[in-house]
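Hey, can you work out the whole structure from these sequences and the hints?
Respectively, the protein sequence lines represent chains A and B.
Counting in our numbering, the final residue of the first sequence is number 269, and the numbers go up one at a time with none missing.
Counting in our numbering, the final residue of the second sequence is number 1035, and the numbers go up one at a time with none missing.
Calculated from the structure, these hints are not laboratory results.
Any given hint could turn out to be false.
With a Cα cut of at most 20 angstroms, we get these calculated EDC-like pairs of lysine to aspartate or glutamate [stated by the list, open to error]:
(1) Lys471(B) / Glu89(A)
(2) Lys883(B) / Asp693(B)
(3) Lys471(B) / Asp31(A)
(4) Lys418(B) / Asp31(A)
What follows is the residue order along each chain.
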Amino acid sequence: MRRMVRHAALTVLAIAGLYGLVWLHDTALRDARFLDGWVLAAGCLAQLAFSVRRKLPLLPFGRVAVWMQAHLYMGYFLVAAFAIHTQFEWPDGVLETALWLLFTVLVLSGMLGAYLTRTMPSQIPSDGAHTQLEDIYSAQFALARRADELALSAGRAASVSISELYANTLHGFFNAQRNVLAQLLWPSASARRIYAEIDGVEAHVDTGGQKTLTSIRQLVGERDRLDNQYVRQLILKVWLFIHIPATYGMLVLSVVHIAVVYAFSAGAP
Amino acid sequence: MGPSWRGRCQGAFECVPARIDERWHCRRPVSQGGLCPEGPREDGTCCRAIPTCRPRRSLRAARGAVSAWTAILTVGLLSLALTYAGDADILIPGPLSGGHSPVANCSNCHTGVKQGSFAWLHALVSPSTLREDTKACLSCHEVTPAALKPHGQALDQLEALTKRSLETEAAQQTPLSGLMRNAVFPTTAAFSEGIFCATCHKEHQGRTADLSAVSPARCQTCHAVQFDSFEDGHPQFSSYPYSRRTRINFDHASHFGEHFGKTRAKNDPAQPVPGACADCHQPAADNMRMDVKPFEKVCSACHLHQIAGTERLSSHQGITFLSLPGLDVDTLEERGATPGAWPRRSEAKLSPFMALLIGRDRDSQAALEVIRGLKLHDLTQASDAEVAAVNWLVWEIKTLLHALSTASPSTALQRLTQDGSAVDADLLGRLTAHLPRDVVTSAIREWLPDLDTEIAAHQPIAPPKTGRTQASADDTFRTWIAQANRTLEDGTQDTSPSPTPEVKKAKIEVRIAQEGEDDDTSDILSDEEAEEAETAATNDDTDDGSEILDEDSDILDDEDDIEEDDDAEPESEKPAPATAAALDAQSWADLGGWYRQDFALLYKPTGHADRFFKAWLDHAASLLGTAAADTSAPVFAALTDERAQGQCTKCHSIDADAAGKRALNWGPAAIESMEGRFTVFAHEPHFGFDNKKGCMTCHELDQTAPYQKGFEDHDPATFASNFKAMQMDQCTSCHSESAAATTCLTCHEYHVNDVKTPVMSTKVPQ
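Printed below as a string of structure tokens:
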């Protein structure tokens, strides 16, 4: 908490420093938009460095978590710098409006990402095991195969009930993908329904069948854990589908914006 | 193995068998189980086929693709927009202000930008400069040549203002923000080339944007003395709003305390007394200044009669414009001069106007200077040179009168200009008050009936050189006499078959003078004649006391004198006697205008702002401090005397400049005179003061101020206002951060010489 306050204070200080510098620059009859504009451009490039750092984890440039913190607070600083650069006004021109919208999208997606990054990991049920999003598909596939094998290996007395259960319920559960929104809003609802089904069948099978159902129950729990991890990890990744493309779009427009400014400024100080 | 980089499944077989010695051998890597027991098939394919799949793009890859497509889409859309919508529509950062909305192309103002799609990129390589762009501004907006200098003023003026500011506000501490600004972003170096329009006027801020809005901090950045705000640190007023003597000499204190009271006591409805400030003052057309209502509305009831001369100090008589000055003709003739016909009864003075018309060059002015020192009615003590000068004067007057009767005024009065150049017709009309020719010719007919003949027989001669020593003066006289004699002889032979008795007499006496044994002029007169002349001179001295002709002169009424003089003068010299039924000329001219009396042509003002008096005051004032100062000064003095006709300068003050020129203040400051002033004040927004003091909230009467002493010299900077100078408190009671505006531009102008947009030049259809 203390660290967060310190970082926030530093950010506020930097914003105040920029505002003061811009005020001095403006009152000295210079065009302050050059000053805060270049500060903004340099800050955006610095934000890109975080992405580069994440792609090069082996390089000794500090921990990614530290970079993440710097990225976050630099983002807050750039929001203020952008407001100063636009003189706290809505844009009027087409190019400026596009830039403004993209920056706004970038900021909002970044803030959403910051929120999700802080809140979502704690909601991911790990139960001691954490599976990367990229490995969840294969893990789900493996669970489905194991469930398949278990159902087939059940004793003859139990095979009818378990086979029916598998055919009617378990196969679909293990081979289908959960609805992301439903899984997010009502986590483990599907698993609880399966558990109830298993409970209903359990009384009609022998000891061997009960052992099989116990194993299947464990597989259902495992699948539910994977589903929950999948949904939350997916959300942690999906916001980047807005943030990063918006970054690219904004970079393109920023380059055009700078070129236009210098073409039309006639060397203003 | 995984998918290929293009996302395609690479699954086929577990190995690619190798053919060795005509046999196929398994090559499955050890990591994948090593050699399989089945081995390759006969055709050389692996026996263990890997089932193919449809690889799914990872999130990272999908994100990369979306990002790349976003960038591509952005570039594409922008290119399309720039191509089809046009550079201006896409790149313009915001609408132009309303005043600039007719500007059609970017290149009109951004001189480095060419027209056409993507042509703006050219400006990246070859950008314009602010100076070039500023020229585009100035193609429509007209400013002074020093437009790019701070405040559009010359540097020497700025230096003087800065020096004064540093002296008067030396105690002012520069605020921290100012110190920081000066340290981090010094202004001096950045704006050595000037302050360009775009430095302060920011365009593309929207149609309703105020381009002239500038923050107070920006105003102060160049100033040597800086402060925080109007409330905190603004220099105290020194004598605001009074920076000079009022142009119209109107003493509020004496009118409030004395004159209005007396007039009120008369209870005369024809002379109403103002009861409120607004009875005399009204907002000017610009709604900023307060003007004084016209003379006819607020002053004439009490002061018109003073202009007409029917009340108080000024004379009832008009001002003499042309005259035949009274001369000691006998002595002139005795001393060999040849004045020709001249009225011996005239007692008029040489009018200053006539002297100005005659003294058109240095020699003439020198001669007039000699003449001014003489008693023209008694020349018995005059030196030969002085006699010569008087004789020259006689002929100059005759020539002038003749010219006025025979040539157009524009030709005859070219003497008004020192170089003989044509006089502006309007000015000439005002200077002569459109003097009718009949007035001149009738005067000449009575005064000098043979003028045409005399002029025809006379050749112009140069004014006599007036030496300082008696010897040199006498030499000059001899030369001049000889010249005059030749002229008379030539004139007689060529143009005057029957010379008048006066001409004959003059010729004889000139010859006598040439044959004289010595230069002692006293020998020319006999002792008896000298005694008579001395007696006459004594009488003349008595009459010299007044500048203005005495209409009731005893001399004219003395029948004996008239009878004695009848022997020596032709009948025509007598002014025509007024008939019993007719008014005298002066009374006839009560309404103003020209009239003739005795041997003078006089003019009376027609009322307030009489064009003759106004024109002559301006003209004479403009000649002061020039080569014509000697002749213009008497005219100016005659018109500005406290008893002068019209009493113009009783109210209209006179300003003098360093060269000695004078200027009459005919009214309050003109709009043009506001140029160059940093401080402006609009009265109108302040009319709503909700208190009993009204105008006196700011203009507090100072009963003790020596207002009139300010007019004793001609320096407008020497003054004592009728009102106390304003204090900052009077402004800050309203103008504060929480109330009325406190920006610099509320009260101060940046472009002190104004910025104008000239009328467009539209050719008439043909």
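Comparing the hints with the structure gives:
Taking the CA atoms of lysine 471(B) and glutamate 89(A), the gap is near 15 angstroms; set against the 20 angstroms cutoff, the hint holds. This hinted pair checks out: lysine 883(B) and aspartate 693(B) have alpha carbons roughly 15 angstroms apart, not beyond 20 angstroms. With a C-alpha separation of about 9 angstroms, the suggested pair lysine 471(B) and aspartate 31(A) falls inside the 20 angstroms cut-off, and the hint holds. Of the pairs offered as hints, the one joining lysine 418(B) and aspartate 31(A) holds, with about 19 angstroms between alpha carbons and a cut-off of 20 angstroms not exceeded.
Consistency note: the structure conflicts with none of the earlier hints.
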